[in-house]
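Undergrad: All chains, full assembly: derive it from the sequences and hints.
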Amino acid sequence: MKRASFLLAILLLARSTAAAAQEDPCAFDGDLDSYLEDLTARLSGQAPIELPKEATELALASRANSDGLSGGRLDLLRRAFVALDLGAVEEEEGKLVFNFNPAMLKLNSLGHFSPRVIVHEPVLFAAVGEHIDADDTVPEVERTARKEALTKGLQDFDDTELHVRWTNEGDTPEAGVELANRTFTEVYATAGRAVAQDIANEAAAFNAALSDLLKTDDAGAVSIETICGEDAGEALLKELTASLELQVPKLIDDLREQLSASAFFDIADLIDGQPRWTAESSYRLREGAAGPSEWSLNARFDIGPISINGFEKWAREYKKQGDSQGLREYLEESKLRHFLPNFSLTAKYTKTSDFEIAIPGADPFTQPDAHALSSTLNAGCYFGGGRDRRLELEATYDDVSDDPNRQDRFVSTLSWVETLDAELAKLAGGSELVVSFIWANKPEFRGEVDEDFGLRAGLKWSLGPKPGAGN
Amino acid sequence: MAKKLKLIKKMAAITAPSTLEMKVTKTAGPVSTAAEVGSTGSDDRSFTDSQLTPGPATMPLNPANSYAIAWTGAFVKAGTATLNVRVLRADGTVKEKKPVRVQGKAKEVFFRLVLVP
Chain A
1 MKRASFLLAI
11 LLLARSTAAA
21 AQEDPCAFDG
31 DLDSYLEDLT
41 ARLSGQAPIE
51 LPKEATELAL
61 ASRANSDGLS
71 GGRLDLLRRA
81 FVALDLGAVE
91 EEEGKLVFNF
101 NPAMLKLNSL
111 GHFSPRVIVH
121 EPVLFAAVGE
131 HIDADDTVPE
141 VERTARKEAL
151 TKGLQDFDDT
161 ELHVRWTNEG
171 DTPEAGVELA
181 NRTFTEVYAT
191 AGRAVAQDIA
201 NEAAAFNAAL
211 SDLLKTDDAG
221 AVSIETICGE
231 DAGEALLKEL
241 TASLELQVPK
251 LIDDLREQLS
261 ASAFFDIADL
271 IDGQPRWTAE
281 SSYRLREGAA
291 GPSEWSLNAR
301 FDIGPISING
311 FEKWAREYKK
321 QGDSQGLREY
331 LEESKLRHFL
341 PNFSLTAKYT
351 KTSDFEIAIP
361 GADPFTQPDA
371 HALSSTLNAG
381 CYFGGGRDRR
391 LELEATYDDV
401 SDDPNRQDRF
411 VSTLSWVETL
421 DAELAKLAGG
431 SELVVSFIWA
441 NKPEFRGEVD
451 EDFGLRAGLK
461 WSLGPKPGAG
471 N
Chain B
1 MAKKLKLIKK
11 MAAITAPSTL
21 EMKVTKTAGP
31 VSTAAEVGST
41 GSDDRSFTDS
51 QLTPGPATMP
61 LNPANSYAIA
71 WTGAFVKAGT
81 ATLNVRVLRA
91 DGTVKEKKPV
101 RVQGKAKEVF
111 FRLVLVP
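If you read the sequences in order, they're chains A and B.
The first sequence begins at 1 in the numbering used here and counts up one residue at a time.
The second sequence begins at 1 in the numbering used here and counts up one residue at a time.
Treat the hints with care, as some may be off.
Stated by the list, open to error - Cross-link-like lysine-lysine pairs, in silico, DSSO-like; alpha carbons within 27 angstroms at most:
hint: 1; chain 1: A; residue 1: K320; chain 2: B; residue 2: K97
hint: 2; chain 1: A; residue 1: K320; chain 2: A; residue 2: K95
hint: 3; chain 1: A; residue 1: K238; chain 2: A; residue 2: K215
hint: 4; chain 1: A; residue 1: K95; chain 2: A; residue 2: K147
hint: 5; chain 1: B; residue 1: K107; chain 2: A; residue 2: K250
hint: 6; chain 1: A; residue 1: K238; chain 2: A; residue 2: K319
hint: 7; chain 1: B; residue 1: K97; chain 2: A; residue 2: K215
hint: 8; chain 1: B; residue 1: K98; chain 2: A; residue 2: K238
To be verified - Where chain A lies over chain B, by a calculated footprint (3+ residues, C-beta under 8 angstroms):
hint: 9; stretch: 38-52
hint: 10; stretch: 89-100
What the hints contain is simulated information worked out from the structure, not anything from laboratory work.
Quick reminder that beta carbons are idealized off the backbone N, C-alpha and C, glycines included.
TA: The structure is reproduced here in structure tokens:
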């Protein structure tokens, strides 16, 4: 027994020594500001992030010497947009997105608007390319030349899209933000402020001592190598590091525990349950060989059993406070809280215009106009206690005029989603087990299943990550 | 006389108090934060989220003291929060600026430390 204890002590000592060696602050490559950011991020269980360059810098550091989206007129437009502070410009693969500043619109009473203009890099319409390639009576060299001739005729603004998104609430409702801030301020005053103030004072003393030692007025800009080059500097740094490693994790744990107890994190369910209308409309104007123009309208409604509106109404009705105490009572009283059923209804309509383009040395390519209508009902709830088990229903109706596989098509899927624990997930090769019952109005729409229940229905199972896990 | 005035101006520039300015900007969330400014003197200050967002929250800096900021926050839902720290000279020009950004998931609590130059 004594020998086992002795060996265990040696093992623990070796581990802690190894750990201390790994955390040697003097091994950090960078300045003091970066070191402190890295250290506190690590103690908070996060990775530090590098701030991106200002949008202006990115926009102006264009690929002036390469092909693509940095043509003369486009570059001029981009610079003017940024210079006039109309919003932000983002460059994504194959497109330039001009996000207008919604605050400019000042339409708060009508909801939240997010307008943007997307300039796509114009490319030869895929159907035209396929049509040319399908003609095997023509040599490949000639087919390539025809496609190149059409592509050369494309200009900067031949594929431009205007997109507007509107919600009645915004994705982060103001009332939810206010409730979160009130609750956090209340909890932080007792569970975090005193410790944070002590740490700030200790860091201020460290700042003073280091600035005196190194004769600088910005100790944060000094490299760790320089600081550790002085014995006194190294000692100060190690002392502060040790203090932070002791105090910060405890501060974070205490604050998290108190915030959980005050229902702060449950505000997420109230936000998700908030009745919300969302509408998106887009018009994509294409010219020349870029293809047909297209417009679409998409509307969606979401609602859940508990919401910010529900909490405020309950507080008024029962004359309760809108603070964390009131929030806890509201959640306890909500019978559906543990099930959290939610519903959403989506409808989408797309109209594509007819299209005709002359092809050098061949008959013109034509494509008639088309429309597509789609609507989806989603509903889901947790069951069995906790958030590990969920029932989800999805029912979709499609009618696409130019796609025989999607005309008058109705498919419904009822799924049982079981979240696996870490060990089981590792064994099974996926974090979720999904078993779905599928029914379609026509046999050809049912799709592949693992177990048949007639021509129109079937059972399917799969293992995978949580939906939206990559978002 | 001109020499004396020049000297007075120089002294004023060295000893004139500067101002600490803090602003928090956020995306998605909600995320709530608070900041404590620690000092080697007796002018510690606390700032709540409503003072920091959109801000600016300001306080005078005594040139005889040193300062540091402890910034704490929690995420209800995923998002980002950025603390923009600026030190302004007496004439309003920017002496130094330091941004710190945190990206968090739902239920994450964070702590960051910033030394004030």
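Undergrad: For every hint, state whether the structure bears it out.
TA: Consistency of the hints with the structure:
1. A:K320 / B:K97: Cα-Cα ~44 angstroms, so violated.
2. A:K320 / A:K95: Since the Cα atoms of K320 (chain A) and K95 (chain A) sit roughly 51 angstroms apart, the hinted pair is violated (cutoff 27 angstroms).
3. A:K238 / A:K215: Within the cut-off at roughly 20 angstroms; holds.
4. A:K95 / A:K147: Measuring from Cα to Cα gives roughly 21 angstroms; hence the hint holds.
5. B:K107 / A:K250: Roughly 16 angstroms between the alpha carbons, so the hint for K107 (chain B) and K250 (chain A) holds.
6. A:K238 / A:K319: Violated - the C-alpha atoms of K319 (chain A) and K238 (chain A) are around 54 angstroms apart, more than 27 angstroms.
7. B:K97 / A:K215: holds (20 angstroms)
8. B:K98 / A:K238: holds (23 angstroms)
9. 38-52: holds (count 8)
10. 89-100: holds (count 4)
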